Amino acid sequence: MTDRFRFDFSILLITLILAGFGIVMVYSTSAILAADELKDSFYFLKKQALFATGGVFLMALAMRINYHLWQKLAYPILAVSLLLLTLVLVSGTEASGATRWLYVGPLSFQPSELSKLALVVFLSYFLTKKGAKIRTFQFGFLPAILIPGAMILLVIHQPDFGAALFLGIIVMLMLFAAGTRLSYILSMALIAAPVVYYLIVKVPYRLHRIMSYLNPWNDPQGTSFQLVQSLVAFGGGGIFGSGLGQGKQKLFFLPAPHTDFIFSVIGEEIGLIGALIVLGLFLVLCIRGIRVSLDAPDEFGTYLGLGITSLISLQAIINMAVVLGLLPTKGLTLPFISYGGTSLVVSFVSVGILLNISSHALRGAVDRNVGFSGPGRS
Amino acid sequence: MRKKQINWLKFRIFLIFFLFFICFVLILLRALQLQIVERENLQELAARQHQRIIELVPNRGTIFDRNLSVMAESTEIESLYTHPRQVKNVRQASRKIADILGMNPRTIERKLRSQRPFEWLQRKILPAKAEKIRELEIEGINFLKESQRYYPNGWLAANLLGFVGIDPEGLEGLEFQHDRYLNGHPHRVLLGLDAKGREIITELLVVPTDLPSYSVVLTVDLNIQYIVEKALTEAVKKTRARSAMALVMEPQTGRILAMAIRPTFNPNMVRNYNGDVIRNRVITDAFEPGSIFKVFLLAIALEEKVTQKNEIFYGHNGRYQIGKEIIHDHKRFGWLTLEKIIKFSSNIGASQIGLRLGAEKLDRHIRDFGFGARTGINLPGEAKGIVRNPKSLSEVGVANTAFGQGISVTAIQLITALSAIANGGNLMRPYVVDRIIDQSGNVVKSFTPEPRRRCISLETSQEVTRIMKAVVEPGGTGTEAAVPGYLVAGKTGTAQKIDPLLKKYSNENYIGSFMGFVPADDPRLVILVILDEPEKTPYGGVIAAPVFKTIAERSLQYLNVPPTEVTASPRVERSPNYYPRTKRRESFPPDIAVQPDGVMPNLLGLSMRNALGRLGKSNVEVQMSGRGLVVKQKPPPGSRLKEGTVCYLRLRPPS
Numbered sequence: 001m002t003d004r005f006r007f008d009f010s011i012l013l014i015t016l017i018l019a020g021f022g023i024v025m026v027y028s029t030s031a032i033l034a035a036d037e038l039k040d041s042f043y044f045l046k047k048q049a050l051f052a053t054g055g056v057f058l059m060a061l062a063m064r065i066n067y068h069l070w071q072k073l074a075y076p077i078l079a080v081s082l083l084l085l086t087l088v089l090v091s092g093t094e095a096s097g098a099t100r101w102l103y104v105g106p107l108s109f110q111p112s113e114l115s116k117l118a119l120v121v122f123l124s125y126f127l128t129k130k131g132a133k134i135r136t137f138q139f140g141f142l143p144a145i146l147i148p149g150a151m152i153l154l155v156i157h158q159p160d161f162g163a164a165l166f167l168g169i170i171v172m173l174m175l176f177a178a179g180t181r182l183s184y185i186l187s188m189a190l191i192a193a194p195v196v197y198y199l200i201v202k203v204p205y206r207l208h209r210i211m212s213y214l215n216p217w218n219d220p221q222g223t224s225f226q227l228v229q230s231l232v233a234f235g236g237g238g239i240f241g242s243g244l245g246q247g248k249q250k251l252f253f254l255p256a257p258h259t260d261f262i263f264s265v266i267g268e269e270i271g272l273i274g275a276l277i278v279l280g281l282f283l284v285l286c287i288r289g290i291r292v293s294l295d296a297p298d299e300f301g302t303y304l305g306l307g308i309t310s311l312i313s314l315q316a317i318i319n320m321a322v323v324l325g326l327l328p329t330k331g332l333t334l335p336f337i338s339y340g341g342t343s344l345v346v347s348f349v350s351v352g353i354l355l356n357i358s359s360h361a362l363r364g365a366v367d368r369n370v371g372f373s374g375p376g377r378s
Numbered sequence: 001m002r003k004k005q006i007n008w009l010k011f012r013i014f015l016i017f018f019l020f021f022i023c024f025v026l027i028l029l030r031a032l033q034l035q036i037v038e039r040e041n042l043q044e045l046a047a048r049q050h051q052r053i054i055e056l057v058p059n060r061g062t063i064f065d066r067n068l069s070v071m072a073e074s075t076e077i078e079s080l081y082t083h084p085r086q087v088k089n090v091r092q093a094s095r096k097i098a099d100i101l102g103m104n105p106r107t108i109e110r111k112l113r114s115q116r117p118f119e120w121l122q123r124k125i126l127p128a129k130a131e132k133i134r135e136l137e138i139e140g141i142n143f144l145k146e147s148q149r150y151y152p153n154g155w156l157a158a159n160l161l162g163f164v165g166i167d168p169e170g171l172e173g174l175e176f177q178h179d180r181y182l183n184g185h186p187h188r189v190l191l192g193l194d195a196k197g198r199e200i201i202t203e204l205l206v207v208p209t210d211l212p213s214y215s216v217v218l219t220v221d222l223n224i225q226y227i228v229e230k231a232l233t234e235a236v237k238k239t240r241a242r243s244a245m246a247l248v249m250e251p252q253t254g255r256i257l258a259m260a261i262r263p264t265f266n267p268n269m270v271r272n273y274n275g276d277v278i279r280n281r282v283i284t285d286a287f288e289p290g291s292i293f294k295v296f297l298l299a300i301a302l303e304e305k306v307t308q309k310n311e312i313f314y315g316h317n318g319r320y321q322i323g324k325e326i327i328h329d330h331k332r333f334g335w336l337t338l339e340k341i342i343k344f345s346s347n348i349g350a351s352q353i354g355l356r357l358g359a360e361k362l363d364r365h366i367r368d369f370g371f372g373a374r375t376g377i378n379l380p381g382e383a384k385g386i387v388r389n390p391k392s393l394s395e396v397g398v399a400n401t402a403f404g405q406g407i408s409v410t411a412i413q414l415i416t417a418l419s420a421i422a423n424g425g426n427l428m429r430p431y432v433v434d435r436i437i438d439q440s441g442n443v444v445k446s447f448t449p450e451p452r453r454r455c456i457s458l459e460t461s462q463e464v465t466r467i468m469k470a471v472v473e474p475g476g477t478g479t480e481a482a483v484p485g486y487l488v489a490g491k492t493g494t495a496q497k498i499d500p501l502l503k504k505y506s507n508e509n510y511i512g513s514f515m516g517f518v519p520a521d522d523p524r525l526v527i528l529v530i531l532d533e534p535e536k537t538p539y540g541g542v543i544a545a546p547v548f549k550t551i552a553e554r555s556l557q558y559l560n561v562p563p564t565e566v567t568a569s570p571r572v573e574r575s576p577n578y579y580p581r582t583k584r585r586e587s588f589p590p591d592i593a594v595q596p597d598g599v600m601p602n603l604l605g606l607s608m609r610n611a612l613g614r615l616g617k618s619n620v621e622v623q624m625s626g627r628g629l630v631v632k633q634k635p636p637p638g639s640r641l642k643e644g645t646v647c648y649l650r651l652r653p654p655s
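Just so you know, the sequences run in chain order A and B.
Under the working numbering, think of the first position of the first sequence as 1, with each following residue one higher.
Under the working numbering, think of the first position of the second sequence as 1, with each following residue one higher.
Pulled out of the complex, with its shape left as it was, chain B reads as follows:
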C-alpha cells in the first residue's frame, strides 16, 4: 500500500518535471524564433535606436550676383538641444535657460522632461545667448553648429532669392528652385548612441557622403538691382501705390538684370511676413496690361501688313461704337497716324487695327510673343496669364484685346516680349541663373541665351522701335521717360483694374505702367515699371515713366553706355496739333510720307482730304462718291499705278 503511494508520488513529481520540461522546450523554440527567424527585423530595430544619422547640412551654397557679389550666404550658428534624461535639476535648469532665451520656462521644462533622447530647445540662437547658456554648464544641455542663411542685402531682390527653412531647405524663389545645387548633399554622420542619447565614443562612426554644395551665379547685377529698388521705393512713396514692380532685362540674351517688387520682405526675418509679400509676383501674378500692350498690337499689325505706316485712323472724337459697346479714349482724338495711336495711346485707333487683324491672327501673334504661356524662366510658380480663345471672342473682345483689356499677362511675359521687339524679333527665354559653380569656382553647369522663336521680322521691330521713340518725344505720353543723351523707345500704360465687387472696370483703381528700352537703336536695357493702384494720378506716363528714366539713366551710367549721338532731335514735333478740337485740315499729319510713286496706297478709313493727300504726288485721276471716310478703294492697296489710272474711292460718314 505504501509502496503504491510512493509510486503515485513519483508519478506526480514526474508530471511536474514534465511540465517544467515543456516550458524549457517552449523557451528554446522561442529563442530559436527570435534569434534566427526574426533576427533581421530585430537587428534593424536595434540599429535604428543605437545609431542616429545626423544630417549635418554643409554650408549651403552662396548666391552671387553676376559680379560675384554675395546675395545670400550661409554662416554657422549654434543651436541648443538637450538629452532630456541627462538633465538633473530640470526645474532650475529650465528657469535659467528660459531667462536667457526669453522663453516661457514651462516650454523648456516640457522639453527637458521629454521621453525622447533628443530635443531641440531652440535652434539658431544669438552667439551672446549661447555663451551665457554655455556658462551655466548644465549637464545634458548642448550645442550643435548649424548653418544659418544670411542675406547681406536684406530685402534687395528678396522675392527673387526667396528664402530657406530652418533645416535649411529652400522654400521659395531661387533658394527653392535651385535647392538641389545649393543644398548639396548633407554630410551624414552616423553616431552610436545609448538610450540617453549620448554618443558612444567608441562607436563614433562614418562620415560617408561629403559632396559639396554648389553656388549659384545670377544674371542679376546687384548695382542695377539697387538702382531699381531705390527708384521703386521712391516711386511707391511718392505715388502711394499699393504695390509695384520693376524689371530690367538684357534684350539680346533674356538675362534678367534686376527684379524688384514692392511691398517686399526681409528674407532674414521671413517669419514676420505673409505669403502675398513673399511671392515673386513678377512671375506669379497676371494682370491686364492695358495700353502698353498696344506696342505688340502695332508690331502684329505691321507684321501682318494690315496697315501701312502712313495710314491714318479716325479717332471718332473719343467715342467709338462697336456693337452695343462704346470704346472710349482719354482724349477726343480726330485723325491719328499709326504712330500717333501709339504715341497718344488711342484705344479707338488700336481697336480699329485689332478688328482689321481679326481674332485669329491677333491671337496667333499674341501667343507668338509668348503671352498665354510660361516663359520658362525656371522660377517657382510661374503663371501663364490668360489669352482668351479667339473663337469665343466677340468684336468688342477683339477690340479690347487690341488695347490690352480682357487679356492677362505677367510682368515677365511683357518684358520678354518687349525684348523681342528691342532685339530685332527674337523671343528669348528669360533667365536669372547664369551658371552654377562648385566651391573652387569651377563651372558645374552654365546657362546660355536661348532664342525660342522669331516672333516678328527685323523690319517690323525697327518700325515699332521708331514709333515707340515717338512716345517719349515731346507731345507723347511718355516724355517723362526721356533720358538726356540717349534715345528711348517706350510705351505708357494706364489700365483700369477690374473692381472685384462690381465685376466692372473700376474708375478708381488703375495700374500705371511704363515699358521701354534704351538706347533705342542699340538697346542695352529693357525696363518695365508697374505701379499698382497709385493714390494720386494713375497715368503711367506721369508716375511710371519717371521711374523708368531714373533706372535707365543710372543704369546706363553704371554700365558706361556711351550716349546716343542725338543731332538736335531731328524729328521733334512735326505735329503740334493733334487735338480733336482742331480743325480737320490741321489734323492732316504732315509726316505721312506719300507712297512711293507708282503704288496704290491703302486709303481705307482715311478722310477725303487725307486720301487725296496720299495720292497727291501720283498723277492719277480720282473719282469719289459719298462723304466721310474711305470705305472702299479701287485699285486695292499695293497695285501698280500708271499715269492716268482712274482711282475710285467710296466714302461714308463714320458711324
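Next up, chain A with everything else stripped away, as it sits in the complex:
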C-alpha cells in the first residue's frame, strides 16, 4: 500500500447519499407507525442511524483490508454463514410466519443477509481457483452449485423464498460471467422451474402474490392490497410528490412502508424527481461497480467486484420492480434505504470491499498508465 490511498470516490459518495437519504425516509415512513405501536416515533430512526454509523465504520475498515484476505477466508466465512443459517432454523425468532432473525443480546441479526456476501466471496474464490475447469461439469459446474445450493436450501427453509431465489440468480450470473456453458445454466433453470412452481403453489400466500401481480385490480382489498396500495402511493405522487413527510399511504395503508415498500413512499412524497434520483444513484453505483470489476487487477477482484455490484444492483432492481408492480412481491429490501440493520451493515461492508478493490484497480491503472477519470483521494 502506498501512503496515497486512492479509491473510487463516487462509489463512496453515492453510498453515503443513499444511506443518509435512507435514514430520512425511514423516519418519514415509520414515525407514525412507531408512535402507534412502540410509543416512540424515533424508534426506527434511532436504530437505522445507529446501524448506519456502525456500517460506515465497518466500511472504512473493509476499505483498508486488502481484499485478497477474503480469498483466504472464503471457506471460514462460508462455514460461519452456513452455521448461522442452521442456527436460525434451530433457535431463530419467528416473525410473521418466517424464522429469519437471531438475537444476540439486544441485537438482532439476519443471517440470510450475511449469506449473500458469503456466497459472493465463496464463488469468487471458487471460480478463480477453478479457472478454465469451470467449463467442465463434474469439476466446475457441479461443485459450484452444490455448496451454494445447500445455502439456498437453508434459506428456503426459513422460509425466505425471495432471498433464496435472489441467491440463485446471483449464482447463475457469476457462473455465466465465469464462462460456464449456457446449456448448464439453462438446464439448471429448467430443473429449478418445477421446484419453484411447487414452492409457489404449495404456499398460498406466494400464489396470492403471483395472482395479484398478474391482476392487481381484481381484489384491491384482499390479496392485491399491498401492490395496489404501493401503486396508489407511487403514482399518486406525481412529478414533485406530496412533500417529504406528507405522504398518506404510509398511514397503515401501505404495509411495510419503511422496509420493502419504502421506494413507494419516496415516489409519493418526493415524486418522480425523487424516484429518478434514487434510480440514477443506483445506476451510477452499478456502472462504477462494474468498472471496478473490469479494472480489477486479478480474476478474484473481478469476480468479487462483479458479485458485490450485482448484489446491490440486482436487489435494488428487484425491489423497485416489485414496488412498481413489475415483479411479484418478493420480500427484498432496497439496499441502504430500507430499514434493516443487518442488511445495512452488510451492504456497507460490501461497498467497503468494493472500494478496496477499486483502490487496487486504480493503482493497477496508474501502473499501467491507463487514465482513470474518477477522482482520487487519500
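Think of the hints as simulated: they come from the structure by calculation, not from any bench.
In this text the structure is predicted, and so the values were computed from the model without any measurement.
Heads up, some of the hints might be wrong.
[Said to hold, decoys possible] Covered by chain A, according to a simulated footprint, are these stretches of chain B (three or more residues, beta-carbon under 8 Å):
#1 17 to 29
#2 33 to 47
[To be verified] Derived SDA-like pairs (lysine to any residue); straight-line CA-CA distance at most 25 Å:
#3 B/LYS10 - A/ILE287
#4 A/LYS129 - B/GLY140
#5 B/LYS10 - A/LYS39
#6 A/LYS330 - B/PHE24
#7 A/LYS39 - B/GLY140
#8 A/LYS330 - B/GLY140
#9 A/LYS330 - A/PHE176
Where a beta carbon is used, it is the ideal one built from N, C-alpha and C, also for glycine.
Position chain B relative to chain A; hints supplied.
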C-alpha cells in the same frame, strides 16, 4: 490466450451490466407511466381511501300540524361503531359489548374482526346503554351522534306521516313524499383518514354544504285527528271491523283535517309491522262504494235534469228485473220520491235513474266528480280506482254503477267529491301540506286551495244537500248521524264485498259507511267513515253513522262552530208510511209539490194516482189508457200548459 479469455470475461460482465441497464430503463419507464400517465387515476384512488365523506344528516325537519303542534321530529341519539383494527382484545370486547346490547357476541366479534376500516356495531342505541359502553373505555369503539326520528303522538296519523329509514330517509307517507324538504342537504364532512380508519387530526377538513332542512306544516289538525282516531278506535272495538278509516276535510278548500286508519302502526317501532298496516289505505286502496255513491247519482241526475225533484219512482217491491238480472232492495219499497230513494237508499230507484241517464252521461259525470283519476293529493301510491268504460257497460252494469257497484273508488276520491257537493259544486284538489317553512319559520313554499273544476251547479248542490239532510232526519237510514243543534247532510252505505273465492258478492262481508257534512247549509266539515267487514250488523247507518256523529259533534265543538238555528225541525216526517206493504194511496208522497202552474211535469214512471196528483192543480183535461205506470205522456215535460190542454197518459203494468 489468456488475454483473449479475459476479454471474454469482460464481455460477459458487460452483458450482465447491459441486463442491469435494461432493468433500470424498464423501471424508469414504469415510473414515468405511473407518475405521469396514470397519475390522475391513482390520485383519485388515493383520495378515496384517504378521505371519507361522512354525511352527517342534519336534524331532519319537523312535521307540524296546522297549529304547529309537533307530529314528527328528530332528536339526536348515539350510534355505536368500531374501527376494527384498533380493537386489541376482540373476544373480550365483543363479549362485554354484546352483554350490554343484548346481542350475540359472535355478531359483534365478526364485526370487530372485519377488514374494513369502519363498521357500525349498532345504530341508535339507548342513552343508558351507550353510557355503559362508554364506561368500558375500549379503544376502537366509538360513538357518533345520529338523528333519530320520533313521533310524539305514536300511531296518531301514522299512515299519513309514514316513517323514515335509519339513515334517515323518508320511506313512506309524508316523510317519503316531502323527503326533499325534510331531509334537507346533509352536511358533508370530509375527514382525512389513515388505514385504521382514524381521523388524521391535521387533515380534518371542510364542512361545505350546510343547507338546513325544512319543516312541513300540515293542514291536519291534531285535535281533530285525535277526535277521529279515538272515535274510530271505539267503533272498531264495538263492531269488530277488520279495518276502518275516517277522513275529515274542509269542503271549501280541500284541506285534509284528519286522516285515520285502522289497524295502524306505531312509526316509532315500524319494524314490527308489515306493509298492509303501514300503507295509507285512504289513498292506495280502492273499493266498491255501495250506497253512498247514490249521492253522486242524485247530483248527476239533477244536473242532467233527467228527473225532477218531485218525480216519484216505483220500488217494484224490492225486486227489479233488468234483463236477466234482478236488482234487490233491502226493503220492499213501493213508490219513492227522489228524496226517498236517497233517504231509504233504494237500489231499484237508483237503477232507474241510472238507466235514464244512460252509460255515457253517467260516466262523464262520474269522472267529473274525480272518480277514476287521481285526486293529486301529493301522497305516495295514490290509486285511481276503476270506472268502467261506458261502451262496455250493459244495462245492468249501468244500474249497478248507479248504486255504487261495479265501480271502485278511494276514500280520498269520495270525500273530495262530496266536498264538491258541500261547497256548491267545485271539485277541489285535496291537500295535506299547507306550507313548508325554514328553521326560522319563514315560508319557503306554501300551498293554496286549488279548484280543479266545477262538477255540478250551485242549484244541484243545494238540492242534493236538501235531500241528504233527509237521510239524517227521522225515518232516514242515517238518523244515528244526527248531531244535536246542527243540521247534518249525509248518506249511509252498506256495500257487499266481492268474495274473492266465489267471485260473487258476499252475503257475509260488507263495508258499512257513512259520509256527510255539517253544518249542512254552511258546511265546515266533510266527514267520511268506512268500516270494513264489521262482525255484527253491517249497516252503515247503524255502525258508521254514530262514528260520524261523534267526530262531527266533538270537532264542531272544538272549532267553536255555532249551532244551526233549528226551528223545531220544520220538515220532520211528512211521510210516516213508506213501507211497500202500505196501500198505494198512502204511499202517495204528500211532500211532492205540484209543478208550478202552466208547466207540464214529468209523469213518466208514476202511477195513475200520482200522475193525477201532480196535474191536480192544473186545469187540464186528462186522457189515460192502460193500467200501471205512466210510460208515455203528451205533451212532454216542461211544456206550457194552457187551460183546457188535453194531456194524454199511457200506462202499462210494471214488468
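Each hint, compared with the structure:
Using a Cβ-Cβ cut-off of 8 Å, 8 residues of the region 17 to 29 of chain B lie near chain A, which meets the minimum of three, so the contact claim holds. Counting residues of the region 33 to 47 of chain B whose CB lies closer than 8 Å to any CB of chain A gives 10, so the stated coverage by that chain holds, three being the minimum. Between B/LYS10 and A/ILE287 the CA atoms are separated by roughly 14 Å; this keeps the pair inside 25 Å, and the hint holds. Note on A/LYS129 and B/GLY140: the hinted pairing is violated, with a Cα-Cα distance of about 63 Å set against a maximum of 25 Å.
The hinted pair formed by B/LYS10 and A/LYS39 fails the criterion: a straight-line CA distance of about 53 Å is larger than 25 Å. Restraint check for A/LYS330 and B/PHE24: the C-alpha separation of about 18 Å stays at or below 25 Å, so the hint holds. Our distance criterion of 25 Å between C-alpha atoms is met by A/LYS39 and B/GLY140, whose separation comes to about 17 Å. Of the supplied pair hints, the one linking A/LYS330 and B/GLY140 is violated, its CA atoms being roughly 33 Å apart against a limit of 25 Å.
Between the alpha carbons of A/LYS330 and A/PHE176 the distance comes to roughly 24 Å, so the proposed pair stays at or under 25 Å and holds.
Of the numbered hints given earlier, the model fails hints 4, 5, 8; all others are met.
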